Amino acid sequence: MNFWLMKSEPDVFSIDDLFKNKKSGWEGVRNYQARNFMRDQMNLGDLILFYHSSCDEPGIAGIAKVSKTKLVDPLQFEKSSEYYDPKSKEEDPRWIMVEVEFVEKFKNLVSLKKIKETKELSNMMVIQKGSRLSINPVDEKDFFLIKKMAL
DNA sequence: GCCAACGTTGGC
DNA sequence: GCCAACGTTGGC
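Heads up: the first sequence at position 112 corresponds to 1017 in this note's numbering, and the numbers run straight through without jumps.
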């Protein structure tokens, strides 16, 4: 089993939205590195730190898990979508995604600030300078430490 | 709104 | 294949 961190802007899609919908396709990723993680390395049941970005208090808001793998992102073929990709072909779709399922919302958000202050988490990709990748692999021990910090 | 750090595009 | 210009991310 692998562990992940996935970023979402809460104005667009928050942990509360995932709670309401129970499940959601992780649409709109248009970065090859992030896509490759989803396409090649995500397995059913992998656990995900749900990260809120570009908001008042950036940080990890809860946990989700991978409920379906290797899905075709439908928005790449929708002309009206901001995620439309004219270069992607139906017979060879460029953008592959996973479906995620709600697991829990943290009682206390584990803020970016807190993560930066925690020495044991200094290796996390999300706090490395210049790291903008929206999907990061996470060490198992970091995953469970963050879960503990949310209590 | 600013801006640093990256990624992508396209001319050559 | 290089690289300048441009676009995006995301914290502050």
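Please note: incorrect hints may appear among the correct ones.
What the hints assert, rightly or not - 25 Å max Cα-Cα, derived DSS-like pairs, lysine-lysine:
(1) K1052 <-> K928
(2) K1024 <-> K912
(3) K928 <-> K1024
(4) K994 <-> K973
(5) K973 <-> K1021
(6) K928 <-> K1018
(7) K994 <-> K1046
(8) K912 <-> K1021
Claimed, not checked - Label pairs and their calculated CB-CB ranges:
(9) R999 <-> P1042: 19 to 27 Å
(10) K994 <-> D961: 23 to 31 Å
(11) E996 <-> T1023: 45 to 53 Å
(12) K1024 <-> D997: 44 to 52 Å
(13) N907 <-> G930: 17 to 25 Å
(14) D961 <-> Q1033: 16 to 24 Å
Hint data in this document are derived by calculation from the structure and do not stem from the laboratory. The structure displayed is predicted, hence computed values, not measured ones. Each residue gets a CB set at the ideal place from its N, CA and C atoms; glycine is no exception.
Hint check:
A C-alpha spacing of about 21 Å is found between K1052 and K928, which places the hinted pair at or below 25 Å, so the restraint holds. Simply put, K1024 and K912 have alpha-carbon atoms about 22 Å apart, close enough for the 25 Å limit, and the pair holds. With a C-alpha separation of about 34 Å, the suggested pairing of K928 with K1024 is violated against the 25 Å cut-off. In summary, the hint linking K994 to K973 is supported, as the alpha carbons are separated by about 22 Å, within the 25 Å threshold.
With a C-alpha separation of about 32 Å, the suggested pair K973 and K1021 falls outside the 25 Å cut-off, and the hint is violated. In summary, the hint linking K928 to K1018 is not supported, as the alpha carbons are separated by about 29 Å, beyond the 25 Å threshold. At roughly 40 Å between alpha-carbon atoms, K994 and K1046 are farther apart than 25 Å, so this suggested pair is violated. Restraint check for K912 and K1021: satisfied, since their Cα atoms lie roughly 17 Å apart, inside the 25 Å limit.
Between R999 and P1042 the beta carbon distance is about 22 Å. The supplied range of 19 to 27 Å therefore holds. Taking 23 to 31 Å as the suggested C-beta distance range, the pair K994 and D961 does not conform, at roughly 41 Å. Between E996 and T1023 the CB atoms are about 47 Å apart, so this pair conforms to the stated range of 45 to 53 Å. Under the hint 44 to 52 Å, the C-beta atoms of K1024 and D997, about 46 Å apart, fit the expected range.
A hinted range of 17 to 25 Å for the beta carbons of N907 and G930 is consistent with their spacing of about 19 Å. Checked against the given bound of 16 to 24 Å, the beta carbons of D961 and Q1033, roughly 23 Å apart, stay inside it.
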